[in-house]
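Asker: Residues per chain are reported as follows:
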Amino acid sequence: MRAIQYAAPSTVEDAVAILAEHGSDARMLAGGTDLIVQVREDARDTGVFVDAKKIPELMELSVNADGSTTLGAAVPCHQLYNDAHFTATYPAVTDAARIIGSTGIQGRASVGGNLCNSGPAGDTIPPLIVHSAVCNIAGPDGERTVAVEDFCTAPGRNVLADGELLVSLTLPKPPAGSGSHYLRFIPRNEMDIAVVGAGAWLQLDGETITAARTGLGAVAPTPLFVQAAGDALVGMTADEDAFAVAADIARDAASPIDDMRGTIAHRKQLSYVLTQRALRGAKARAQGGSPTNGH
Amino acid sequence: MAIDTRVAPKIKHHDEEYKVIGTRPIRHDGLEKVTGEARYGSDINLPGQLHGKVLRSPHAHARILSIDASRAQALDGVSAVITSADLPDPGDKLTTGGEAPGLPVKFKSANMLARGKVHYHGHAVAAVAATNQHIAAEALKLIDVEYEVLEPVLEVWDAMKPDAPVIIEDLYTAKADGTTAEEPSNVAAEMLYEVGDVDAGFAEADLVVDREFTFGVVHQGYIETHNATANWLKDGHLHVWCSSQGAFTIRQELADLLNHPITKIHVVPMEIGGGFGGKTTAYLEPLAALLSQQTGHPVKMAMDRADVLKATGPTPGGYVRVKMGVTNDGTITAGYANLAFDAGGYPGSVVGAGCRCVFAPYNMTNAKVEGFDVVVNKPKTHAYRAPGATHAEFASETVVDEICRTLDIDPVEFRLKNSAKEGDWQLAMPPYPRIGHIECMEAARDSAQWQTPLETAPGKKRGRGIASGFWFNIGFTSSVIAKLNSDGSVTLLEGSTDIGGTRTSVAMQFAETLGIAIEDVDPIVADTDSVGQTDVTGGSRVTFATGLAAHNAANDMKDQIAEGLADLWDVAADSITHADGTFSANGNSATVREAAGLLEEEGVFPIGKNTVTPTREGGAFAVHIADVEVDEETGKVEVLRYTAVQDAGVAIYPPYVEGQMQGGVVQGVGWALNEEYVYDDDGHLLNASLLDYRMPTALDVPNIETIIVEVPNPGHPYGVRGVGEVPIVPPPAAVANAIHDATGLRMSHLPMSPPRVQAALAAQA
Ligand SMILES: Cc1cc2nc3c(=O)[nH]c(=O)nc-3n(C[C@H](O)[C@H](O)[C@H](O)COP(=O)(O)OP(=O)(O)OC[C@H]3O[C@@H](n4cnc5c(N)ncnc54)[C@H](O)[C@@H]3O)c2cc1C
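Chains as they are written, first to last, in this note's numbering: chain F, 4 to 298; chain H, 59 to 823.
Hints were generated in silico from the structure; no laboratory data involved.
Remember, it's a predicted structure, so these values are computed and weren't measured experimentally.
Glycine included, every Cβ here is placed at the ideal spot set by N, Cα and C.
Among the hints, a few may not be true.
Pair ranges (Cβ atoms, derived) [said to hold, decoys possible]:
id, chain 1, residue 1, chain 2, residue 2, range
1, F, I39, H, T238, 50 to 56 Å
2, F, E146, H, Q822, 54 to 60 Å
3, F, E24, H, D362, 30 to 36 Å
4, H, Q822, F, G159, 37 to 43 Å
5, H, R674, F, I39, 53 to 59 Å
6, F, A247, H, D362, 43 to 49 Å
7, H, D739, F, G50, 35 to 41 Å
8, H, D739, F, V237, 43 to 49 Å
9, F, V237, H, P223, 32 to 38 Å
10, H, I281, F, G50, 30 to 36 Å
Based on the sequences and whatever the hints tell you, model everything.
Answerer: Written out as structure tokens, the structure reads:
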């Protein structure tokens, strides 16, 4: 029988000290909707639970002087979609926050937890990628930043070393005329893990695309930043032909596996379809409308 | 989405008017269930109780070379470790209880705790009892089992190959002609049913459609996991509290497996959070009993979700081939079917039931049906709501739809023309009694959904499908004991576990017969010491058979009341009439309530009782209509609208009948679209969780419109037919036929999951 310890530090420094002391036996506890389930199911052996929710920096949601947003690592999903500014500014992220689990789960589940769990299918990660989020990390050696697309390294793994924690994410202020959308495919209509997820962000000048980013989930060991797809769109008219070009690139970028949640062929096809649909939704939002094709 | 609160339509084909039957009273168990006071197995906690846990096989097929539990036994807090060596050798005994009696007890015993070999991933190998669950879990990790891993055989078509590894070395096929095979194989049994001359029938046909279908394994998906608490007293009395569809069945199995006298075994059925056929057999009960015997303490055990999915009895995957011949005017001339179902790790699949249902909706003059019960390295399969019928009729109803399309005949007209009716041949059974397939088909034709053209939507592929379903239902034995209380109320003890609301539907029949209000009956599900023999709640039998026992018990009580009154009134008992709950003779009259008071003064307390084994269960038909939309780009199928029509005989308690119909549809839609066991090549079950074993959620099904048809069963005083199972039968075929209507695709595998539909669409393009 395993005894566990619970710590609730109130500063980042204290959290770092506890994490550093216990090494891989310690884990941050945000909403616990991944961690507690995994420990219960014997999928993770954790002896020290370090609660993130008493540390002000991790619970912060604020707009900075330069218009960027600081999203504390432990801020739960429900806070995001109840925040009008955040929802209007980073709609792809709230698209994800709204579909994680259920209302109950969203009361606990955090974006930071979703990212640090580093599952290939984590729903908030492609949206963070398309919004060019940056991870603010603290550790025994001080602070560092990592682009969100470089954060995950393998299923369940990321760049955090022992003693390090994610403090917050910085989301740059999107330029005028831009919009984003995230959607996923699940066989049911709720309570499921993405078979494929796709996020897209577009900036338009009239009908012309001036900047674009797309991302995919569940088609590789880590969520993917499909840079080539976004790059290809720049300068093109935001129409079905352009979206098909980007979707083709996304399909090629996907390197999925066959598992109980989907097949390679199906995931390849979904990478195409969902990228296309995400781009349509991003375009609609960039033009002040809203996506019409599903969630 | 608006919630439809209308009382669903009912189409009566009889003139009976009842006082209690057909009304919608408050269910007797309702308050306890909504307040959480109802007691389930997990609510049992006994002084000094220990906690048991099961060690399960990590391999699908392996020989057990050794089990060393010494490290576990040495752990502080561990009281006992058991393996198959602790179970008595059952010899050649055969099982007697449950839905499928007559199987060797040795297989059941080996399924409880693996004997020499493990036959599937998750097979129980050992069990421990410890002072708490954590220590028990820790102890499992300290049991050292040495395995020799063997090649697994996962699908029936592989298992039936002559060179397939043989899973049970001494299994010799029981052949259809009554002989036994010379060489061992994975085929436990073959069956053959024939009527007329199929060759001549096919020769007469203008069109023959011959198709093959395959199936994944599906689980019943009851929400309450298995649990059992056992207390083995020093004098040999064994008390067991468990979640089961049949307390008497569990008692019998415990007697068989533990070689213990049945009189010493007392099983208390707790409230049950779903069963659907999956709780008709013991899993934890014998282990808890043995652990209790060895430790001298009560032992409580409960499965987690992964255990349930891995190691209880899902319903088979397998293979069905259906070939049907018709003339150009749409008359069926012949049918041939071949069904091979996986029994799982030990013999005894539901293939025989599938055989009986495959052509059941039709008047077959020439038919041949072959069945194969095949052992594979998967959990021992079990019944699931109309077991076997869904597979069989998915195949035949898809073929019928193809015939209708090819001949351009309306699918309703075709079915009406060829429908089975009273007096027609029924496979392995006497000819049909009065049945209601035609009436259901007519009601479906006249339904709002069938009469409303499918709404098209630009860029969307939509389609409509219709399918019939049949399930024969089961009689078996039921008992009721009814005690008249001095205030005229009745305490009604019945042996049937209440899964679908049968307390109320049984009590209503009693109240109708005795002529009292339903509120004056207090129905109680009694334990094995307190009521007569009652078989499993299964086969849609409880409202039919236990209801009949209640009716008979009410008549018995009526006679006793009349006899008591005869003394008081000084008249002959048989001169007393009973109408509308009032006894009268010779100017005297008394209601049941008044009679109870009068008899109390005389020291007379009538107890009506009855044990009955009816055989005229009647059979149930259903016709379902599904509208679907197929996302051509993703392969996802959305059910837009659904109507379920069903012959209930007479609906005793209509809300429960509607609930059964809707529940069956939900499960059938889940089976149609997503549910299946996913295995890797080594036979490991990959999706033993409700996240990845995808049952429908509330957002995955539309409101299900129900139409109850009443064609009374002549084999029951109130015309009851079982209603619980047949509604799962038509959905996969109705959905498949709708998918075809939308896309032109003929899906031949269940589930018709998005990757499969998308792959089929891609292949079509
Ligand atoms: C019923 C259910 C449904 C779900 N549905 C979805 C879904 O639809 N989509 C989806 O993507 N996920 C889903 N999840 C998974 C989970 O809810 C999400 O990943 C959620 O965002 C995790 O956030 P959390 O705050 O609960 O994280 P926690 O469980 O607290 O933490 C997750 C991991 O991140 C680590 N961690 C947390 N915070 C930090 C930090 N600041 N620094 C370093 N490491 C940290 C933890 O140690 C842990 O390993 C579901 C879970 C459940 C139980």
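Asker: If you check each hint against the structure, which ones fail?
Answerer: 9
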